[in-house]
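Q: Modelling step: build the complete structure from the supplied sequences, incorporating the hints.
So the sequences go chain by chain: A and B.
Mind the numbering: the first sequence is residues 1 to 442 in my numbering, read in order.
Mind the numbering: the second sequence is residues 1001 to 1134 in my numbering, read in order.
Honestly, the hints are just simulated from the structure, not real lab data.
Note that the coordinates shown come from a computational prediction; the quantities given were computed from them, not determined experimentally.
One should not assume that every hint holds.
Quick list of simulated restraints, FRET-style, between CB atoms [as the list claims (entries may be wrong)]:
{"id": "1", "chain 1": "A", "residue 1": "Val362", "chain 2": "B", "residue 2": "Val1014", "range": "56 to 66 Å"}
{"id": "2", "chain 1": "A", "residue 1": "Gly186", "chain 2": "B", "residue 2": "Asp1074", "range": "26 to 36 Å"}
{"id": "3", "chain 1": "B", "residue 1": "Pro1110", "chain 2": "A", "residue 2": "Lys311", "range": "45 to 55 Å"}
{"id": "4", "chain 1": "A", "residue 1": "Ile385", "chain 2": "B", "residue 2": "Lys1123", "range": "54 to 64 Å"}
In silico DSS-like pairs for lysine-lysine, Cα to Cα no more than 30 Å straight-line [claimed, not checked]:
{"id": "5", "chain 1": "A", "residue 1": "Lys340", "chain 2": "A", "residue 2": "Lys130"}
{"id": "6", "chain 1": "A", "residue 1": "Lys366", "chain 2": "A", "residue 2": "Lys309"}
{"id": "7", "chain 1": "B", "residue 1": "Lys1132", "chain 2": "B", "residue 2": "Lys1035"}
{"id": "8", "chain 1": "B", "residue 1": "Lys1123", "chain 2": "B", "residue 2": "Lys1035"}
{"id": "9", "chain 1": "A", "residue 1": "Lys244", "chain 2": "A", "residue 2": "Lys309"}
{"id": "10", "chain 1": "B", "residue 1": "Lys1035", "chain 2": "A", "residue 2": "Lys366"}
{"id": "11", "chain 1": "B", "residue 1": "Lys1091", "chain 2": "A", "residue 2": "Lys130"}
{"id": "12", "chain 1": "B", "residue 1": "Lys1015", "chain 2": "B", "residue 2": "Lys1091"}
{"id": "13", "chain 1": "A", "residue 1": "Lys366", "chain 2": "A", "residue 2": "Lys390"}
{"id": "14", "chain 1": "B", "residue 1": "Lys1106", "chain 2": "B", "residue 2": "Lys1092"}
{"id": "15", "chain 1": "A", "residue 1": "Lys390", "chain 2": "A", "residue 2": "Lys130"}
{"id": "16", "chain 1": "A", "residue 1": "Lys309", "chain 2": "B", "residue 2": "Lys1132"}
{"id": "17", "chain 1": "A", "residue 1": "Lys244", "chain 2": "B", "residue 2": "Lys1035"}
{"id": "18", "chain 1": "A", "residue 1": "Lys244", "chain 2": "B", "residue 2": "Lys1132"}
{"id": "19", "chain 1": "A", "residue 1": "Lys309", "chain 2": "B", "residue 2": "Lys1046"}
{"id": "20", "chain 1": "B", "residue 1": "Lys1123", "chain 2": "A", "residue 2": "Lys75"}
{"id": "21", "chain 1": "A", "residue 1": "Lys340", "chain 2": "A", "residue 2": "Lys390"}
{"id": "22", "chain 1": "B", "residue 1": "Lys1106", "chain 2": "B", "residue 2": "Lys1046"}
{"id": "23", "chain 1": "A", "residue 1": "Lys244", "chain 2": "A", "residue 2": "Lys366"}
{"id": "24", "chain 1": "B", "residue 1": "Lys1046", "chain 2": "A", "residue 2": "Lys75"}
{"id": "25", "chain 1": "A", "residue 1": "Lys75", "chain 2": "B", "residue 2": "Lys1035"}
{"id": "26", "chain 1": "B", "residue 1": "Lys1123", "chain 2": "B", "residue 2": "Lys1046"}
{"id": "27", "chain 1": "B", "residue 1": "Lys1092", "chain 2": "A", "residue 2": "Lys130"}
{"id": "28", "chain 1": "A", "residue 1": "Lys340", "chain 2": "A", "residue 2": "Lys309"}
{"id": "29", "chain 1": "B", "residue 1": "Lys1015", "chain 2": "B", "residue 2": "Lys1092"}
{"id": "30", "chain 1": "A", "residue 1": "Lys244", "chain 2": "A", "residue 2": "Lys311"}
{"id": "31", "chain 1": "B", "residue 1": "Lys1035", "chain 2": "A", "residue 2": "Lys311"}
{"id": "32", "chain 1": "A", "residue 1": "Lys311", "chain 2": "A", "residue 2": "Lys390"}
Virtual Cβ for every residue (Gly too), placed ideally from N, Cα, C.
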Amino acid sequence: MNEIAQLALESAQADQTEVLISSGDEHLTRFAENTIHQNVSERDTTVRVRAVCGSKVGVATGNDISINGLAAVVKAAETVAGFQRENSDFRSLPQPQEQQSLDAHCEATAAYTPNERAEGVATICRMADKNDLRAAGAFSTSVQELMIANSLGIRAYHRNTMAHIVTVIMGETSSGYAAATAMDVGDLDPAAVGRTAVDKALASRDPAPIDPGEYTVILEEEAVADMLFTLGYLGFGALAVQEKRSFMSGHFGERITGDNITIWDDGGDQRGFVLPFDFEGVRKERVSLIERGVAMGVVYDSFTAGREKGKSSTGHSLPAPNTFGPIPVNLFLAPGEATKDEMLASTERGIWVTRFHYTNPVHPTKTVLTGMTRDGTFLIEQGRIVRPLKNLRFTQSILDAFANAEMISSSLALIKSGWGNFATCVPAMKINRFRFSGTTEF
Amino acid sequence: MRELTDRALNLAQVKGATYADIRIVRRQEEDITVKNGIVQSLALDKTSGFGVRVIADGAWGFAGSHLLEPAEVDRVTALAVTIAKASAIAKKNDVDMGPEEVHVDKYRTPVQIDPFAVPLDDKVSLLLAADKEA
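A: Following this line, the structure appears as structure tokens:
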């Protein structure tokens, strides 16, 4: 990959040039109705060139890594930059710095075969079959290499593997969900994932309705991750603050949620999906976002840092051209001291939520999110799950919900995000006065 | 190109596929984003690759790659057959493609104006003007 980057940079004529090379194999086995219906493998190498002429920036991508192909994509980026307008906010591509090398590659994941993926899926399908249920889902493994080089001297290289298995298992009146993700495919247990989803599907048969309103909830990690990831893209990035649409704007140093809530981003923490640098090749810093309820900081890339005196990139850029701004993609929410069993036993009346579905922001600066419960929603009475419930719509401020967190689990779970090879690391939570605004018939 | 497609189809049959197809794709995309009077992004994307889809042991398998070269065509085709045979581990019924049909044809979407022939500057100016009016 170094050679590809070097060839590209050598053909560049622009004032500054950046080359981002992403290469890898992705394997995906999808299933539905207890059978594999799509089983695919893809190998690709993409070269993304950012050409800077003055303060005009053009981007071109291609996957022809021949000498002529590389020259063509560099020329395309420079041509495109010529059609740009000057952007007075653009300062420079990042300068070189010392890089950190972090282990994120597992040979077992890289070598995992189609047969092994199919056997894992078959295990889940057989469980579903045995219980007259229908399983759907996916089992994926991937190997990725990432290299960023620029004409100022940045050279950053990283390789990683990821394995992910997810299933929704359905009955006539019910469904159950389970998922697992890890760098090492050996850490995944398809049978355990299948067992969890089957048990939820069986337990949630013939759900009863419940009125909307405010309830105590126990949110499993998938639901908490959904809310945390939403906070991440809504307002933990500097562009959102600069455009005055972040819930952090004007509140740095102030309490904005519960004092038992601490959130940070750390690409170097081995409990998450390790990523030592961002997509400009800038080393990722650990950024404290919320510390014991107090708004502390947001993440930056080189462009947003250049707009504020005294700021430098925290290593959170996305691939160019990036109109989203810097985003934290290695979020952590601090654990507490409780177990889920203790949360359950302590709940007089409440709702157990497996996960949320189709969530969307209603009000970004108030962090109001709406969405549905799904795949395992249960009524809790006197410390026990007593019956399954029909799903509900919630409309709730995330920061207010976190402020009402009575208990937080001592364990963390790694939850893959809905896009990209990113994940959050979160606990489960018992939250009081969680607002459900509507009901469903299923 | 015909040499490579024939190579893939023949190898798939040798490896045990009862059906095989190969698609070679070239894709071009242009993206321009204007926000608050600034051209936030201007990007051109050109990629190509191929994919081989097969039925073996009554199940589907697919593999693809960006490298359209003989050795890679061989690797990808063999992998597609391996994947199909793995899929058969969790199948209920054999894939049924229906009665055989043979067609040799070409299709081209009728285009009045090629969007890539429109000057980039015209597109950027149009977006900036629209942004100014908003």
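Q: Just pull the numbers of the violated hints for me, sorted ascending.
A: Of the numbered hints given earlier, those the structure breaks are 14, 19, 28, 32, listed in rising order.
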